[in-house]
Each structure stands twice: as structure tokens, then as C-alpha cells.
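Trainee: Sequence:
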Amino acid sequence: MRIAMVGAGYVGLVTGACLTEFGTDAVCVDRDAERIERLRRGEMPIYEPGLADFVARNVEAGRLTFSTDLAAAVSGADIVFIAVGTPSRRGDGHADLTYVFDAAREVVAAARGYTVLVTKSTVPVGTGARVAGIAAELRPDAEIDVVSNPEFLREGAAIEDFMHPDRVVIGAETDRARAAMRELYRPLFLRETPILFTDRETAELTKYAANAFLAVKITFINEIADLCERVGADVQDVARGMGLDRRIGGKFLHPGPGYGGSCFPKDTLALTRTASDAGSPVRLVETAAAVNDARKRAMAGRVLEALGGDAAGRTVAVLGLAFKPNTDDMREAPSLELVPALQAAGAKVRAYDPQAMETARPLLADVAWCRDVYDAAEGADCAVLLTEWNEFRAVDMERLGSVMAAPVLVDLRNVYKPAEVKAAGFAYRGVGKGRAS
1 MRIAMVGAGY
11 VGLVTGACLT
21 EFGTDAVCVD
31 RDAERIERLR
41 RGEMPIYEPG
51 LADFVARNVE
61 AGRLTFSTDL
71 AAAVSGADIV
81 FIAVGTPSRR
91 GDGHADLTYV
101 FDAAREVVAA
111 ARGYTVLVTK
121 STVPVGTGAR
131 VAGIAAELRP
141 DAEIDVVSNP
151 EFLREGAAIE
161 DFMHPDRVVI
171 GAETDRARAA
181 MRELYRPLFL
191 RETPILFTDR
201 ETAELTKYAA
211 NAFLAVKITF
221 INEIADLCER
231 VGADVQDVAR
241 GMGLDRRIGG
251 KFLHPGPGYG
261 GSCFPKDTLA
271 LTRTASDAGS
281 PVRLVETAAA
291 VNDARKRAMA
301 GRVLEALGGD
311 AAGRTVAVLG
321 LAFKPNTDDM
331 REAPSLELVP
341 ALQAAGAKVR
351 AYDPQAMETA
361 RPLLADVAWC
371 RDVYDAAEGA
381 DCAVLLTEWN
391 EFRAVDMERL
401 GSVMAAPVLV
411 DLRNVYKPAE
421 VKAAGFAYRG
431 VGKGRAS
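Residue numbers for the sequence shown follow my numbering, beginning at 1 and rising by one.
Hints should not be assumed to be uniformly reliable.
Unchecked claim - Taking lysine-lysine pairs in the DSSO-like style, the calculated list, with each CA pair at most 30 Å apart, reads:
#1 217 with 417
#2 348 with 417
#3 251 with 422
#4 417 with 251
#5 251 with 217
#6 348 with 422
Said to hold, decoys possible - Computed beta-carbon distance windows for the label pairs:
#7 137 with 174: 17 to 27 Å
#8 390 with 91: 34 to 44 Å
#9 310 with 399: 22 to 32 Å
#10 276 with 157: 31 to 41 Å
#11 143 with 294: 47 to 57 Å
#12 96 with 2: 23 to 33 Å
Don't read these hints as lab results, they were simulated from the structure.
Backbone N, C-alpha and C fix where the C-beta goes; we use that ideal spot for every residue, glycine too.
Could you put the whole structure together from the sequences, leaning on the hints where they help?
Mentor: Right under this line is the structure:
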């Protein structure tokens, strides 16, 4: 079986590389010629643990190739994935499907023989039907089945998520398409991975519903964290007590500065717009998105409080810039709200991130970019732990305090034990630590 992946971005590259691990031949196509050349040289355009090894191994085996020639890639493929971006549309928040429909038209024009056209991009309900309409209009004689196969990849753990998924969701309308997708994912069938076959609309909505639920869960524990601070409780113990209930589970019950990234912000917004248009508003999701936006803006206030309310002329060390560890993704990262707010209050910002420095540079002005944690903390009046990279967990607190102008630490991820930090001479503030902070 041979596949073509239209889009060599995060989803397309990870999916293509992982499918070739199953012995499938894949060509990843992208209009960005520079990106394709970099991939041919073995240079990864994104940071994702393990991805470079997967790509190198399968390129060497001849199973994975890269191209800018969409027509050639599609004409030789049994299954074609569309894995292009669906950003929020300016003005109304709906998912912008321009790239999806453009890709669909090109794929339909180039298809030869029976072809399964799969939307891998995150798309609103009804998109698959619209793509099928495009196929029927442009090539009424062509044998093309349109399938929805949403991705459930966590940045920083995408390889593990693809190779050992909780489930695979496939929205298909014909037995022939279902058989083709079943054959593609046969290695996962053999591992007894749950494979859920649905209609296209159900598959499309499942992706949005899953992301929205997780976003609500994060927002919930963040609000509980605020309550803990007011009443003297410890949110980590509260979360632990909740998570031991099997109906709830402990995942995504970690308070912090608000969710970011490429999925939750745009997907919750797109779902609320779709639901509103359908006359069935999702008020809970609407509220969670609004609360999350406000939370990210409010994080600078916590730092200002730690500085005694006055940041003018003070220096703040920001540790971590990416929206989460193990990625260089800066999309909707809390740092994009925190850093400018601190600067507007008169603070000078020194920053360090293990992977996201180059991605962050064009997005954040007037920042002193540093080589490590201690360099960032040099002369700082306050250090802010914003992204919970593993290397930050083993920081030498005494050394950190010795290079700072004032030993003040705002831990927005609750990485450190308050008693230990205070014993090292720091003034400490965590999240949801009513007594410990």
C-alpha cells in the first residue's frame, strides 16, 4: 500500500513517518520547497522527541520520501491524507478550511484509479461531506471515497500516541473505504488497539468533543486552584483526591497558567461557532475558553504581586517559553501574554527555553535570550517557572538564589516543593497552594 500525505507539517510529518514504520510507502508533499529540501537533508522543521530517528530510518529504507509534486504523489497513491492547517478564521473564529478545500481540489484532479481521500486535519462537522461534494463536482466519473480520520497526537509525545494510541477513529461511508483503512491500520489491529468505525460527521465531532472536554477539565482545576488559595487548601492534594475516582481520572488535573498550543484554543473556538450556527450552543465550552484567556492575561499580576506591586526597573527571569515541554511550539503560549505584560509594567525580561528560543525570537521583542537557567536568573529580582521542562526540575536552588538580585520564585507549574524552596532562602509562590505559598 502506498500513501500520499498532503502537508509536511506537524501532523503530516508525524503520521507519514509513523505509517512507514508499519511497512507502508509514503510520500509527504508540501508547497514549501525549503521545508522539503530540509527534510531531504534530514533536518526536522519541528522539535518532536523521536521524530528525527523515525524519519531517518524510513528514508534510508526507501519507504519515506518528500516532494513538492502533489500530482505525481497522488497519482501513485492508494490513500491520500490531507494534513494541512485549519487556523481560526479572522473575524468570526470558525476554522479556516481554505487549505483543506484547495488540497482536496488538487487531489481529486490528480487521482488515478480508486482512491481513499482522508481528512486528517481537524475540521468542523460537515467538512467531509463538502469534500465529497467537491470530488463529485470535479470528477463525477472518479472512484473516490472521502473518509474522516482525526488525529489525537499530543505534542511532545506524538510518536508514542501514534504507535500506541488509545483509539483510532475512522469515519467512512462505504465498505470499500472501511476495508482500505482497516488494512492501513492492520498493525494496530494486531495489537488490539480499539478501532472505532463511524460515519464522517461523528468522527469529525469526536475530535472536537475530546479536545473541548480536556480544555474544560484544565480550566476547572485552574479555577479550583484559585479557590484553594482563598480558603487555605492545596490544589495538588485536591486533584489527587479527585483523580483517584476512576470516573474522573488524574490526567489534565494539573493547574497552571492556562492551556495553549495549536489545538485547544482554536478547536474550542471552532466548536463553539459550529454549535452556535447549529442552534445548539455549548455554553460550558464557551465559558472555559473565556476563563482560559483571562487566566493567561492574569499571570503577570501574580508576578507583579511577588515583586511587591512594582516592576519598574526590575528584572524578571522567565524559565520556559513553549506552551508545554518537549516541543518548540509557541502557538497560544502563555508566555506570549506574560512577557509583554511584564514589559508594559516596566520590567526587563531575561528568558530561557531548551527548545523554543528560535521560535520565540520573532514573537517577543526586547528580551534578553539566555543560554541556561542560571544565565537567565543573573541579576533577576524574580524568576518565573512557566514551562515544566525536565531540566528545570533539578535546578540547584542555592546556586539559583546566589546569582539573583532577590531570591523570589513564582512557580506557575507547581514543579517545586514549597518547603524546600523556602529552605533555600526563597520567597515562593505556587498555584493553588493556599497555605504552602
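Trainee: CA of residue 348 to CA of residue 422, is that 30 Å or under?
Mentor: holds (25 Å)
Trainee: Does the Cβ distance between residue 390 and residue 91 fall inside 34 to 44 Å?
Mentor: At 40 Å between Cβs, range holds.
Trainee: Hint says 22 to 32 Å; check whether the CB-CB distance for residue 310 and residue 399 agrees.
Mentor: holds (27 Å)
Trainee: Okay, residue 137 versus residue 174 on CB: inside 17 to 27 Å?
Mentor: holds (19 Å)
Trainee: For residue 348 and residue 417, compute the direct alpha-carbon distance and say whether it is at most 30 Å.
Mentor: holds (27 Å)
Trainee: Between the alpha carbons of residue 251 and residue 217, is the straight-line distance 30 Å or under?
Mentor: holds (9 Å)
Trainee: Residue 251 and residue 422 were given as a pair; does the straight-line alpha-carbon distance stay at or below 30 Å?
Mentor: holds (28 Å)
Trainee: Starting from the hint 23 to 33 Å, judge whether the C-beta atoms of residue 96 and residue 2 obey it.
Mentor: holds (30 Å)
Trainee: Using the Cβ atoms, figure out if residue 276 sits within 31 to 41 Å of residue 157.
Mentor: holds (33 Å)
Trainee: Quickly compare the C-alpha distance for residue 417 and residue 251 to 30 Å and report which way the hint goes.
Mentor: holds (20 Å)
Trainee: With the threshold set at 30 Å, check whether the alpha-carbon distance from residue 217 to residue 417 stays at or below it.
Mentor: Holds, at roughly 24 Å.
Trainee: Starting from the hint 47 to 57 Å, judge whether the C-beta atoms of residue 143 and residue 294 obey it.
Mentor: This hint holds: roughly 51 Å between Cβ atoms.
Violated hints: none; the structure is consistent with every hint.
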